[in-house]
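Enquirer: Protein sequences, first through last, are from chains A and B.
The opening position of the first sequence corresponds to residue 1 in UniProt numbering, with each subsequent residue numbered one higher.
The opening position of the second sequence corresponds to residue 1 in UniProt numbering, with each subsequent residue numbered one higher.
What the hints contain is simulated information worked out from the structure, not anything from laboratory work.
Glycine included, every Cβ here is placed at the ideal spot set by N, Cα and C.
Please note that a few of the clues may not be correct.
[Unchecked claim] Straight-line Cα separation of at most 20 Å, DMTMM-like style, residue types lysine to aspartate or glutamate; simulated pairs:
hint, chain 1, residue 1, chain 2, residue 2
1, A, Lys96, A, Asp52
2, B, Lys38, A, Glu65
3, B, Lys41, A, Asp49
4, B, Lys460, B, Asp176
5, B, Lys225, A, Glu23
6, B, Lys225, A, Asp20
7, B, Lys225, A, Asp89
8, B, Lys391, B, Asp17
9, A, Lys3, A, Asp46
10, B, Lys226, A, Glu23
11, A, Lys96, A, Asp49
12, A, Lys96, A, Glu23
[Said to hold, decoys possible] Estimated spans, in silico, between C-beta atoms of each pair:
hint, chain 1, residue 1, chain 2, residue 2, range
13, A, Pro69, B, Leu18, 45 to 51 Å
14, A, Ala85, B, His179, 19 to 25 Å
15, A, Asp61, B, Asp207, 54 to 60 Å
16, A, Ala85, B, Asp207, 41 to 47 Å
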Amino acid sequence: MFKILAACGAGVNSSHQIKDALETEMGNRGYDVQADAVMVKDITEDMLDNYDLFTPIAATDLGFEPKIPVIDAGPILYRMPALAAPVYDQVEQAIKDSGKA
Amino acid sequence: MSGIISFANAIFKPLIDLGAAPMMLIVLTIIALIFRVKFSKALEGGIKLAIALTAISAVIGLLTTAFQDALNAFVKSTGIQLSVTDLGWAPLATITWGSPYTLFFLLVMVIVNIVMIVLNKTNTLDVDIFDIWHLAFVGLLAMFFGANLLITTILVIFIGVLKIINSDLMKPTFNDLLHAPASNPMTTTHMNYMMNPIIMVFDKLFDVIFPWLDKFDFDAAALNKKIGFWGSKFAIGIYLGIFIGLLSHQGVKEIFTLSFTAAFCLELFSLIGSWFIAAVEPLSQGITDFANKRLKGRTMNVGLDWPFIAGRAEIWAAANVLAPIMLLEALVLPGNKILPLGGIIAMGVTPALLVVTRGKIIRMIVIGAIELPLFLWAGTLSAPMVTETAKKLGAFPKGLASGTMISHSTMEGPIEKFLAYLVGNASTGQIKFILYAALALVAYLLIFIWYAQQMKKRNKVYADEAAAKAAK
């Protein structure tokens, strides 16, 4: 299973939209994906160790460099399929690169 | 006229009598269907909203029941009259979404947004449907204080238009803060940024009086990393349980119970909050599709929820530092009745501080500390309306003391709540309030116009810099 961490301000709105969209779209593309949504401020290095990909809304300063790939997932929130498609493609590529496809 | 009212009552009264959760299930499902959402998706959203309303009511009941005796003892032993329980944003959002007026204000603002786009008065399409609750809350408050639906709707449109204009004004600053290109469409109409004009006044004063303080700015990300889980929701619940337990002379066992109860309630509030955001999701997509079709592919900025700038560490560093400051202020502030708990990490305060100061952390903290009393007073002012509405939802156990109230310590839009109070009271015909409301609305508009001018100057500098870079 490929694990994704989404993050936003309260961990309940934007990050959940990203989580749901990635789980749905990657599921449709045939990948076994699980995403979690958290508050940006609650992210630690230990937490990120449990994930394969970090998908914030925009550039995020965590106070440390994530060791896992990072993909900005903000365009998913625009609610326009054409703008979200490149994000999905990048996530799909990250899954392939991880060897967990 | 009486025939129309009888007809409306015949249709709506049985619906209202069902209670908030079943009523909102039906209303949200129907509204989503009107926006051409598939029936199964529309119904799924309606059911999720009903479940969220029921769940949040249950957790409010748990928290207020657990803390009632301790808070009474706290007041007795300390003499501090902080009798309003601060539940944070999620319960208030749920309560507001439990009112059909919220959907009415949403439809009004969708139309206002589209009209402003068509007339070229804005370049922002607001897709943050969920956060209409901030504006709807102001409307509900105005009605609670006596405004009729017409006056309330005018007030909602007035503030809503300024919010949309503000999203255009802030757009270049967001690009700057995100290091994003001009093509980045992210902006926001979020209510918390309506504090920008007030913050800008203090920021300009800071320029004159304390510019030397900026050199003490520290690494916000490093501070957040050090704080780690100590600033998390459940940790805050534990602190408050210990704080109230000790000051109300509870035993060790009771203090543990209070702490764990506060911690799990704060965690559950957020969890349930995510349910009703999911509930509104099909409607949000339906409205966005509806608007996009009518705008015929015009490229524009997209109004999102505020956290696309949550990656800026200053927001969290300022919120962490402001939390103990707010607790101290709450204890000594005349007129305040709220003991900060669920809203103590001031997410409704710090994003606007970031935008105006552009990340100068010392300014954010100093100005934040100065403006926090406005939030505490606005939360206190709103408490009777929030409590009454929660009671209608069945969120209050019958055994609770009649004086027990709930609210939110750092809810977005404190100034707008004062406006709602004045406009509501003015609507009852009191000359004094008519005068105050008129003066307040004029002052609110004038300070916004001044702020808009300042932001246009800032945006011109951004444009000039971009042009100079392009010419190189």
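Enquirer: Could you run down the list of hints and mark each one as holding or not?
Expert: Hints versus structure:
| no. | hint | in the structure |
| --- | --- | --- |
| 1 | Lys96(A) - Asp52(A) | holds (11 Å) |
| 2 | Lys38(B) - Glu65(A) | violated (43 Å) |
| 3 | Lys41(B) - Asp49(A) | violated (35 Å) |
| 4 | Lys460(B) - Asp176(B) | holds (13 Å) |
| 5 | Lys225(B) - Glu23(A) | violated (29 Å) |
| 6 | Lys225(B) - Asp20(A) | violated (28 Å) |
| 7 | Lys225(B) - Asp89(A) | violated (32 Å) |
| 8 | Lys391(B) - Asp17(B) | holds (14 Å) |
| 9 | Lys3(A) - Asp46(A) | holds (14 Å) |
| 10 | Lys226(B) - Glu23(A) | violated (32 Å) |
| 11 | Lys96(A) - Asp49(A) | holds (19 Å) |
| 12 | Lys96(A) - Glu23(A) | holds (16 Å) |
| 13 | Pro69(A) - Leu18(B): 45 to 51 Å | holds (49 Å) |
| 14 | Ala85(A) - His179(B): 19 to 25 Å | holds (24 Å) |
| 15 | Asp61(A) - Asp207(B): 54 to 60 Å | violated (25 Å) |
| 16 | Ala85(A) - Asp207(B): 41 to 47 Å | holds (45 Å) |
The structure does not agree with the numbered hints 2, 3, 5, 6, 7, 10 and 15 stated previously, though it agrees with the rest.
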